[in-house]
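Asker: Okay, here's what each chain looks like letter by letter:
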Amino acid sequence: MLRHAVVPAALVASLAASAPAQEPPLVLRGARIYPVSGPVIERGVLVVQGGRIVAVGSVGQVPLPAGAAVRDLSGKVVMPGLVDTHSHIGEGDGGDRSSPIQGDVRILDAIDVRSDNVRRARAGGITTVNVMPGSGHLMSGQTAYLKLRDGRSINDLLYCHDPLTEICGGLKMANGTNPRGNPPWPGTRGKAAALVREKFVKAVEYRRKLELARTDSTKRPDRDLEMEALVQVLEGKRIVHHHTHRYDDILTVLRLQQEFGFRVVLHHVSEGWKVAKEIAAAGIPCSIILIDSPGGKLEAADLRMETGAVLDSAGVLVAYHTDDGITDSRFLLRSPALGVRAGMSRARALEAVTIAGAKMLDLQNRIGTLEPGKDADFIVLSGDPFSTYTHVEETWVEGRKVFDRASPEDRAYATGGFRLMRDYEAGDDDDDFGGER
Amino acid sequence: MNRATVASSRARSRSRLATSLLLGFALIPATLTAQLAVRADTLYTMAGPALVNAVVLVGKDGKVERVGPAGSVRVPRGYRTLSAKIVTPGLVDAHSVVGLAGALNYNHDQDQLETSDPIQPELRAMDAYDARERLVAWLRTFGVTTLHTGHGPGALMSGQTMVVKTRGNSVAQALVDSATMVAMTLGPSVSGRFSGKSPGTRAKGVAMLRAVFIKARDYARKRTEADSTKRPARDLKLEAVAQVLDGTLPALITAHGISEIQAALRLQREFGFRLVLDGASESYMLVDEIKAAGVPVILHPTMIRNTGEARSATLETAGRLRAAGIPVALQSGYEGYVPKTRVVLFEAAVAAANGLTREQALATITIDAARIIGQDRRVGSVEPGKDGDLALFDGDPFEYTSHVCAVVIEGEVVSEGCH
Chain R
1 MLRHAVVPAA LVASLAASAP AQEPPLVLRG ARIYPVSGPV IERGVLVVQG GRIVAVGSVG
61 QVPLPAGAAV RDLSGKVVMP GLVDTHSHIG EGDGGDRSSP IQGDVRILDA IDVRSDNVRR
121 ARAGGITTVN VMPGSGHLMS GQTAYLKLRD GRSINDLLYC HDPLTEICGG LKMANGTNPR
181 GNPPWPGTRG KAAALVREKF VKAVEYRRKL ELARTDSTKR PDRDLEMEAL VQVLEGKRIV
241 HHHTHRYDDI LTVLRLQQEF GFRVVLHHVS EGWKVAKEIA AAGIPCSIIL IDSPGGKLEA
301 ADLRMETGAV LDSAGVLVAY HTDDGITDSR FLLRSPALGV RAGMSRARAL EAVTIAGAKM
361 LDLQNRIGTL EPGKDADFIV LSGDPFSTYT HVEETWVEGR KVFDRASPED RAYATGGFRL
421 MRDYEAGDDD DDFGGER
Chain B
1001 MNRATVASSR ARSRSRLATS LLLGFALIPA TLTAQLAVRA DTLYTMAGPA LVNAVVLVGK
1061 DGKVERVGPA GSVRVPRGYR TLSAKIVTPG LVDAHSVVGL AGALNYNHDQ DQLETSDPIQ
1121 PELRAMDAYD ARERLVAWLR TFGVTTLHTG HGPGALMSGQ TMVVKTRGNS VAQALVDSAT
1181 MVAMTLGPSV SGRFSGKSPG TRAKGVAMLR AVFIKARDYA RKRTEADSTK RPARDLKLEA
1241 VAQVLDGTLP ALITAHGISE IQAALRLQRE FGFRLVLDGA SESYMLVDEI KAAGVPVILH
1301 PTMIRNTGEA RSATLETAGR LRAAGIPVAL QSGYEGYVPK TRVVLFEAAV AAANGLTREQ
1361 ALATITIDAA RIIGQDRRVG SVEPGKDGDL ALFDGDPFEY TSHVCAVVIE GEVVSEGCH
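Quick note, the sequences are listed as chains R and B, same order.
For the first sequence, the working numbering gives the first residue as 1, with consecutive numbering after it.
For the second sequence, the working numbering gives the first residue as 1001, with consecutive numbering after it.
Errors might be hidden in some of the hints.
As the list claims (entries may be wrong) - Taking lysine to any residue and the SDA-like style, the derived pairs with C-alpha atoms no more than 25 Å apart in a straight line are:
1) K1060/B x Q1375/B
2) K274/R x Y1337/B
3) K76/R x S1402/B
4) K1085/B x G343/R
5) K191/R x E278/R
6) K297/R x D1130/B
7) K76/R x R1132/B
8) K274/R x K1085/B
9) K297/R x R1132/B
No lab work stands behind these hints: they were computed from the structure.
Start from the sequences and build out the full structure, keeping to the hints where you can.
Answerer: This is how it looks when you write it as structure tokens:
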């Protein structure tokens, strides 16, 4: 399917208004709407056209455009499509076992957008996802920001248009026990930090050479794919997404951030509750994994459900992610709900799977709230977003329905069982459960 | 955090405060085992319809004394009173490895699977249980009071299981039943773990099990020879298998795929043992066969990952089995990584949103679980004479945003504060 041009946010509203009406506007009427950008609208109206939101408001207050297709959603709940800041859907991988630092590797070269877990993510109401390479490296590669359009290839789902000229994601980094091993992997935390600093020092030097080359092109350094990515990081154009669990590992990330000035989102932050003040003072956002019990490894043994509430009240921008397959994309809404259980406000918990995540991916001008001019990415729920009994009934991306629980095939992705007959036919004998990540 | 609707009665608070002031903190634990009255806006006894505005009295012996409407049950003097919106029996986790498997996931706290041999039914769970493991306490704060735990899946016969309460500083203090079932596994997950001794195929695994059952049948017969010189020496392995054959210990067979489930049913028909199916993620494809065999199912955690053997798991399987009249319980199961243990409260919640009614889902982690692990005379419902095990909630137990605000084991308040 066609993607919409990326346009500065300021232009979006006027363009949407003046866009040729190749499709009639769609009006969704009567639902309880959580725009996230403002208070809940008890009986709301959402007007969508050309893939974007045209209007949001109360029934009776929003003028309905002529020729609109009107759907009654009374009794339903509508909220922005969910943003998953950290996921491994699409069966992709990043760096290989040759080196612990591979900033040149792009996961977009390895993602299967037709994979079952991409469909499961749509069934879970996820519309935007940051697909990451793994945490077994200090730097495992470049991440990919995807819009979960019903597309045929990675190009159909990327936010960027041209990977050769645009930045299409962030940079995955990790510390703690996952990226440890025999040389060339670091054996200690001190060595891990030194390896990363050496690489960034090199990138600073590379950037200096590029600057010198502006006036004297003979000084231009040879192209270096990894250095190019790291220069983007140093310039704040590419965001570092940093896996980290233990409190002192979190502080190490903050230390490196201060030294090199990059933009970073802390991911998982199992012990973030121990250093909430420090994280808040550094102004660094956190994307949290919420697991049903602590442990799995020593550095996650102090994981708590209260982390979101603690960080939020310290003033930290907080999101929740699935880390799919660690938790399941169909259950992303469960994480903020359990965050509410452990003391977070409902409003902040809703932001934590929408606009907060959008900000962490630099996509807050396009997604994360239901506001005129933004992409028409939204979900229709059967009830309260934080209720166990609520199902995602529909997922919409840019004005198109990409998941419908009423369709038996889509429903199988929501409830499971989709692989059974197909796998038996294909003789698939993969045995990948329970593996260590 | 304290958003509790659970509150000690004013009189009780006063007396507790006085106790603390006069006698010091050390004596408080002793007072926790005193007689207890629990008031519930709604009490799910699991022995009949839910009671509105009910009271449960737990006596000095830790057993439930009385259950009934608040108007008809007088709370005797000196009883500590707790109140909650919703009260359920203490939750029963029908199959776990917690206590053998610890949170840290390193060799020193992973005792659920011994890989020196694929058939080791003689391994006792109580010899490897850490009652102070943090995951035991974690489960307790979410209302789990009874655990069926022990050797895990992954071997043809990995060892025995047992039943404990989620309290105590030692296995002796926690123990309810020292030998409950023998854990067995069919299918590809058994392959490759046991150097040189692994079955390489599904069929080989079944053949190895048949051989040991036949050997144990022989052994049991010879052990009863009138001529004592003809009796074989005592063999712990064959003794355990013989206990499966004579019905003392049910076979808990982890079988996910259609072919594994069918093989388990075939083995049961051949040897006549008591079978409990475990995992069983494709069981919804074999409802008629399982029902005809009269076999209960301890189903995988509802939120199990759709990968590997469980690739065809559905959120609705518990509902489908229950609708067919198959006894079904839910389990926390075994996780190789995270979450190192699941919480049956959360797993039942998702089942309640996907085909089970609220009370049916509650049954999968209370009375039905208790029946399948053979402990329904003691736990699983709130009835006079049964253990005073209770979970107190500030709302619908299955809502993500509700809390478990107190947990009681045999009259002892083992967890307070809302989680």
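Asker: Hint by hint, say whether it matches the structure.
Answerer: The hints, checked one at a time:
1. K1060/B x Q1375/B: Holds - the C-alpha atoms of Q1375/B and K1060/B are around 21 Å apart, at most 25 Å.
2. K274/R x Y1337/B: Distance of about 23 Å is within 25 Å: holds.
3. K76/R x S1402/B: Measuring from Cα to Cα gives roughly 22 Å; hence the hint holds.
4. K1085/B x G343/R: 19 Å, holds
5. K191/R x E278/R: Roughly 23 Å separates the two Cα atoms, so the pair holds.
6. K297/R x D1130/B: The hint holds at about 18 Å.
7. K76/R x R1132/B: 46 Å, violated
8. K274/R x K1085/B: 33 Å, violated
9. K297/R x R1132/B: The given pair, whose Cα atoms are some 18 Å apart, holds under the 25 Å limit.
In the structure shown, a violation is registered for the earlier hints numbered 7 and 8, in ascending order.
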